[in-house]
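*Asks:* Assembly of the complex is requested from the two constituent chains, each provided in isolation within its own frame, with the hints serving as guidance.
Below, each chain spelled out in residue letters.
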Amino acid sequence: MKLDLEISSSSPLSVAIKFSKLAERGSLNSVWIGEDLNAQREIFTLAGIIMLETSRVKVGIRVTSPLARNISTIARASATLSQIGRGRFRLGLDAARPNALMRGAATLLRRIWRGETVTFTSDNFRLGNYYARYKPGFATPIYFGVRDKKLLELAGETADGVILSGPKRYIEKAVAIVNQGLRKRKRRGKSFRFIASIPTVIVDKKSDLKMAREAVATVLAETPKAVLEMAGIAQEMVKPIKAMMAEKGVNEASRIVAEDLLREVAIYGSPEAAALDLRLLEKYGIDEAIFGSPYGREPVKAIREMAEAWRRLV
Amino acid sequence: MEKASIDFAVGLNAYETVEEIVDKCVEAERLGLDYIWIGDSPPHLYCPSVAAAVASRTKKIRIGLGLLSPLLHTPDQISGGIIPLIEAYGDRFEICLGVGDRSQLLRAGVDTRLAKVWNYVLKAKRKIARSFRASGAATKIWLGAQGPKMLAASRSFDGVLMNYASPRMIKWAIDKVKPVARKDFDFGIYAPSYVYRKWSPQAYRLLRVASAVVALGAPRAVLDEFGFSKRLRRAKKEHESGLRIESVVKHVPAEVVDSFSIYTRSSRLRSYLSELGDLGISHIVFGFPQNLSKITIRDLASALPFP
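Those protein sequences? They're chains A and B, same order as listed. Take the first sequence: its position 283, counted from the start at 1, is 283 in the working numbering, and no numbers get skipped. Take the second sequence: its position 187, counted from the start at 1, is 1187 in the working numbering, and no numbers get skipped.
Excised from the complex, chain B in its bound form (with noise of 0.2 Å):
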């Protein structure tokens, strides 16, 4: 597989201390990635001031902002918090627009049961693109999507980061995305990852964990698709009711969390990136816990497929 068919991006949750953030996405620079996405969560850092500091520290390496969710921020906030940057630090940054987890939402006091939810989010999406177009910043808007109306609605943006990794997942998303009018649109896929040279339980646990909320916050008519509903009935009645995702965990069963997660041994990582190339992907994003380290950065950096 040829380096330019395929942009690699480490995915960064903004709970570490900035400063921790920042030295791993100088390494990241360092070991050639193409991007960093840092995380916009209730309960984390807010990512575009974590951006400015990323950005101070690196030079080229390109930063996405995201998932930032409409129901959290106006579109003015989200178009105002990238047109400073792009200002300060040149135009490397792309933003990543959609729900968001909804349990950290709720936890937020943001409601998210609005109908027809993609709806509001592609007219959110259209307000920022016009502030973009009025600053003269050309920065790309993708849409986080997993369900079915989701996909459909990224046909609007510049690009879809699906929130699967399993091929046969993957496939099925992209079917109901197309079909796609523009040329260079971007089919992505933001997934919890751990690819290792010597495996961590550690990171094989918050990997576990990372894949899990992925799965309970994905929309029904996905689990029913794949025949998962009835497996995570159990696990989704707990972390609804309030409980820590860390002890919901147990019960997701291990092939739902696999089917949400890039989990491979560092050696065994291309024919995997290829199996994506062969079905369209252009950008892959390796999410928690690939960043808990420079070492797993490292891990992962020396498995891509660098010229």
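Next up, chain A with everything else stripped away, as it sits in the complex (with noise of 0.2 Å):
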């Protein structure tokens, strides 16, 4: 089992470079790099560029979704960093709509990738007599981040991973439908990646536990229904926690951040408990752990000494 790091397109360049090569350097297997809608910085330009700044770790997008870019657009740019990365970039993809839309982009990616003269007409995609000029024959693994368990059983039949966020006991659900999936494949893919992301938090005193907390309100405030059913988490328990968010934010939410809910949504302790935390979820069949905001108090801190652990622990 593999750890990774992942920062977010809204953080200063600066600190995007410094986290990724503290992966890097601290031996992450990968960086993702969160898109942020109203940040300035575009995706795909930002993981180019921490690509060039890095030589060994991988760089992946979590997510995009196929329709923020014409599709042509996400290929050629993939192509690009799978050549700059020389084989380190990772595409997520993600779409809250029906399958057809996450199995066409999939399969026009790697069209498109393999040489192919594409045409091709749907809701959401259409290319006409298209190729690529560039060098073909790569192919950029396709990570899809989805919830939904028809996208998720999707992704173990098409793409080449999954990246799953939610509470633990989802994560657990959420692997056996990707499997059934994968089951469906004519040949299974032996290089499928199951990718958990969990709020982690290095805990050095009692007080870093408010961050936490905070992680864990502002999580379940977006966490479909459907994702707290499969967790086994009562609508309950979440409600009141979404209505102070809207009211009050994200400090007020946290204080009514229930211990169970805290425990079953994060992960959070000593450099050591966490890591041993995170591993744990590999008995649930996960490749890779993501290691996310908020970090700690200390984000330098809390990464070198998560990668430690890790090290030790692995």
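Everything labelled a hint here was simulated from the structure, so no lab data went into it. Treat the hints with care, since some could be wrong.
Taking lysine-lysine and the DSBU-like style, the derived pairs with C-alpha atoms no more than 35 Å apart in a straight line are [as the list claims (entries may be wrong)]:
| no. | chain 1 | residue 1 | chain 2 | residue 2 |
| --- | --- | --- | --- | --- |
| 1 | A | Lys135 | B | Lys1294 |
| 2 | A | Lys135 | B | Lys1198 |
| 3 | A | Lys18 | B | Lys1059 |
| 4 | A | Lys150 | A | Lys190 |
| 5 | A | Lys135 | B | Lys1250 |
| 6 | A | Lys135 | B | Lys1060 |
| 7 | A | Lys2 | A | Lys248 |
| 8 | B | Lys1250 | A | Lys248 |
| 9 | B | Lys1059 | A | Lys135 |
| 10 | A | Lys135 | B | Lys1127 |
| 11 | A | Lys21 | B | Lys1060 |
| 12 | B | Lys1060 | A | Lys18 |
| 13 | B | Lys1127 | A | Lys21 |
| 14 | A | Lys21 | B | Lys1059 |
| 15 | A | Lys239 | A | Lys168 |
| 16 | A | Lys18 | B | Lys1127 |
| 17 | A | Lys135 | B | Lys1140 |
| 18 | B | Lys1140 | A | Lys18 |
| 19 | A | Lys21 | B | Lys1294 |
| 20 | A | Lys21 | B | Lys1140 |
| 21 | A | Lys18 | A | Lys283 |
Here are some chain B residues pointing at chain A (derived, C-beta under 7 Å) [unchecked claim]:
| no. | residue |
| --- | --- |
| 22 | Thr1017 |
| 23 | Pro1048 |
| 24 | Pro1148 |
Quick caveat, the model's predicted, so the values are computed rather than measured. Positions of the beta carbon are idealized from the N, C-alpha and C atoms, including for glycine.
*Replies:* What follows is the structure, given as structure tokens:
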């Protein structure tokens, strides 16, 4: 099992580069860049810069919508990054839409990358005699960052991996659904990656727990009902948090996050304890765990310590 | 002609590997060229990421990105592609907006038949300029223009890159842009180019293809103005039917091709540059196939009036 780091496209560039270099120096497997649509930095450009500033760590986009750009742009931006990173680039796709969109996106991207001349018309994509003039024949891995049951199954059928985010029990069940999709494949994708993202906070003092509570309140406020149901979390437990978030903000909402919710949705503790908790996800079939924001009171120290704890553990 | 009066650039179409493009840019910088322009088109590599790779290996050469089409990228995506480049590599980037190659956009499923497309590009420019100002960037925004309406719209930009090469056509285009209120407005051209010391049939064939693309993409008003419409009818029809440009080019008359390209022996380039200098041109981008190899880039550099 491997450890990845997540950064955000809204972070200052110097911070994004610094964290990515820390990940590389700490022998982490991958850096995932979360796309903040309000950020001033275009995510493929940012990924290119990070790739140029590092030499070993994989760099992924987590995640972009296949509808945010023309599909030919996603294809060529990925092609460019695959060349810059010499195979280190990973593309995360997500759309809260029907299966046809995600299936279509993955199929089109792969056809373009193979160098085919593509004509395709659907509600979402239109290509007419389109072919790439850049060097074809590479395969950027496509990861679906999805939560819906049908899309999870589709990820197993179609993608090169899946990025799961949600409470721990949800992740366990989501893996099982993705496996249903994997079983439908003609050829079992041996390299298929299960990746899990859970808010993780390195806690030095008891007061640092507030950060974990805030992360949980933020995550729960935007977690779909279906995900909560799969995790066995009653709506009644989450409703007051959502209401408090909307009314008074994250600070107040974090105060009413119950202890069991905190344990279910986040990972926190000393670097050793957090690393061990993340490692426990392996029993569900997870191949990579993402260590993401808020990291800890001192992010640089937290990332360093986490990388060190992970190295000792693994 | 003083070197300071005209900036010289080589244009790169990003369909080679990133490594090959970067190597050529490093060579262009070593040879003293002022600019590199990295093209952006649906079948090519993604120009902001290519620009990052180029900037990471060069020191001072200015890097132009474009033509970037607001029909293909949102204004936020365009400004968001430049802002991190400036943060990482300094303020040496410029962009050129424009509609783009309509046949390539169509293949990528982009509808180019917008009414008042020039106005659409202009609105995008304003939004991009606002984002640049908000981030503290002073990035120059050019407009790539060919037809009368786009040429007139360029007055609202920092400069215009015209798809012309023959002095007669350039003069006509400048007259369509004028009057320009801003004193620092730049007139530039971006044309398929082949400036050679030793002529190569392969480069010439590629020049014909590149020029044919420009000619076939020219607005009707331009083709009518210069008497090319009738002569391009067959080629245009075949091109619009989806035939690859390489198959269509044989139906584009050589004199039409020549009008849209810079094609000369290196020893004769200076008189052409003088003529353009007299017209008020301050920026020349030598487009494909001048970038064919480091040798063709060196041939160009050897002919330029560097101090």
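*Asks:* Work down the list of hints and note, for each, if the structure agrees.
*Replies:* Results of checking the hints against the structure:
Of the supplied pair hints, the one linking A:Lys135 and B:Lys1294 holds, its CA atoms being roughly 20 Å apart against a limit of 35 Å. For the hint linking A:Lys135 to B:Lys1198, the alpha-carbon distance of about 29 Å falls within 35 Å, and the restraint holds. Our distance criterion of 35 Å between C-alpha atoms is met by A:Lys18 and B:Lys1059, whose separation comes to about 22 Å. A threshold of 35 Å between alpha carbons decides the hint, and for A:Lys150 with A:Lys190 the separation of about 21 Å falls inside it, so the pair holds.
With a C-alpha separation of about 26 Å, the suggested pair A:Lys135 and B:Lys1250 falls inside the 35 Å cut-off, and the hint holds. Taking the CA atoms of A:Lys135 and B:Lys1060, the gap is near 29 Å; set against the 35 Å cutoff, the hint holds. The hinted pair formed by A:Lys2 and A:Lys248 fails the criterion: a straight-line CA distance of about 38 Å is larger than 35 Å. At most 35 Å may separate the alpha-carbon atoms for a hinted pair to count; B:Lys1250 and A:Lys248 exceed this at roughly 70 Å.
Distance hint between B:Lys1059 and A:Lys135 is fulfilled; the C-alpha atoms sit about 27 Å from each other, no more than 35 Å. Of the supplied pair hints, the one linking A:Lys135 and B:Lys1127 holds, its CA atoms being roughly 34 Å apart against a limit of 35 Å. Between A:Lys21 and B:Lys1060 the alpha-carbon distance is near 25 Å, which keeps this suggested pair within the 35 Å criterion. Between B:Lys1060 and A:Lys18 the CA atoms are separated by roughly 24 Å; this keeps the pair inside 35 Å, and the hint holds.
Taking the CA atoms of B:Lys1127 and A:Lys21, the gap is near 34 Å; set against the 35 Å cutoff, the hint holds. Of the supplied pair hints, the one linking A:Lys21 and B:Lys1059 holds, its CA atoms being roughly 22 Å apart against a limit of 35 Å. Of the pairs offered as hints, the one joining A:Lys239 and A:Lys168 holds, with about 19 Å between alpha carbons and a cut-off of 35 Å not exceeded. Only pairs whose Cα atoms come within 35 Å are accepted, and A:Lys18 paired with B:Lys1127 is accepted, the gap being roughly 31 Å.
Restraint check for A:Lys135 and B:Lys1140: the C-alpha separation of about 31 Å stays at or below 35 Å, so the hint holds. Between B:Lys1140 and A:Lys18 the alpha-carbon distance is near 29 Å, which keeps this suggested pair within the 35 Å criterion. The hinted pair formed by A:Lys21 and B:Lys1294 meets the criterion: a straight-line CA distance of about 34 Å does not exceed 35 Å. Of the pairs offered as hints, the one joining A:Lys21 and B:Lys1140 holds, with about 32 Å between alpha carbons and a cut-off of 35 Å not exceeded.
For the hint linking A:Lys18 to A:Lys283, the alpha-carbon distance of about 32 Å falls within 35 Å, and the restraint holds. A cut of 7 Å between beta carbons decides the hint on B:Thr1017: the least distance to chain A is about 6 Å, and the hint holds. Among the interface hints, the one on B:Pro1048 holds; its C-beta lies about 4 Å from the nearest C-beta in chain A, closer than the 7 Å criterion. A distance limit of 7 Å between C-beta atoms decides the matter here; for B:Pro1148 the minimum to chain A is near 28 Å, and the interface restraint is violated.
The structure is inconsistent with the numbered hints 7, 8 and 24, although it conforms to all the rest.
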